[in-house]
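Once you've looked at the hints, dock chain B against the given chain A.
In order, the protein sequences belong to chains A and B.
Going by the working numbering, the first sequence opens with residue 1, and the numbers climb by one from there.
Going by the working numbering, the second sequence opens with residue 1001, and the numbers climb by one from there.
Just so you know, the hints here were simulated from the structure itself, not pulled from any lab data.
Built from N, CA and C at the ideal position, the CB exists for glycine as well.
Facing chain B, a subset of chain A residues (Cβ under 7 angstroms, in silico):
{"no.": "1", "residue": "45"}
{"no.": "2", "residue": "56"}
{"no.": "3", "residue": "90"}
{"no.": "4", "residue": "100"}
{"no.": "5", "residue": "101"}
{"no.": "6", "residue": "106"}
According to the in silico footprint, chain A covers these stretches of chain B (three or more CB under 8 angstroms from chain A):
{"no.": "7", "stretch": "1043-1049"}
{"no.": "8", "stretch": "1098-1104"}
Pulled from the structure, derived: some chain A residues nowhere near chain B, Cβ distances all over 12 angstroms:
{"no.": "9", "residue": "16"}
{"no.": "10", "residue": "65"}
{"no.": "11", "residue": "81"}
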Amino acid sequence: DSGVTQTPKHLITATGQRVTLRCSPRSGDLSVYWYQQSLDQGLQFLIQYYNGEERAKGNILERFSAQQFPDLHSELNLSSLELGDSALYFCASSVAGDDYEQYFGPGTRLTVT
Amino acid sequence: GQNIDQPTEMTATEGAIVQINCTYQTSGFNGLFWYQQHAGEAPTFLSYNVLDGLEEKGRFSSFLSRSKGYSYLLLKELQMKDSASYLCAHGREGYGQNFVFGPGTRLSVLP
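Bound-form chain A, shown alone:
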């Protein structure tokens, strides 16, 4: 158990809908990272927040957005969902903004039908 929690574990929704994934980092960690893992694309970095501020941005679609709240939990919002958005979404956390060792949560499996 890494200490990072993610909810929900599974999510099934229809195309065009909007969902919110939630992540709570390990106690004391200030950075949160979001990743998408699909069979054909592998693990893709989406975005990083550090102490409430966006720190780094990867291959995140405009339909997706994220934020980190004052209590350091983070949410990833996915809207206008498409079939291709079906994937495992991982959240990871680290102590500071430039740590190389990240602790991954168990992931949320999103299925878009």
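Just chain B, lined up with the frame of chain A:
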């Protein structure tokens, strides 16, 4: 641009040694990382190299050559529980940790 290549699959025998190679191209380099991921589970951190050379950590070692854009992960005394995917990733130079992951190498350890 950025590109990371790894073999898709490898097979080895319990007790043996296996080397998983990773080559990368990047316009900015900020360290080379290896993660282990068992099927259906989250990745877990294995190693980090930022300077050339070998880093040893128990049964696992990782090597980096920045001039060649090359790294390998060496697993010794293989155990059945080492059957997993091994992901090579590099950090991008700049602010924060913008990781680029390779496709992963699925290792099967046979008895």
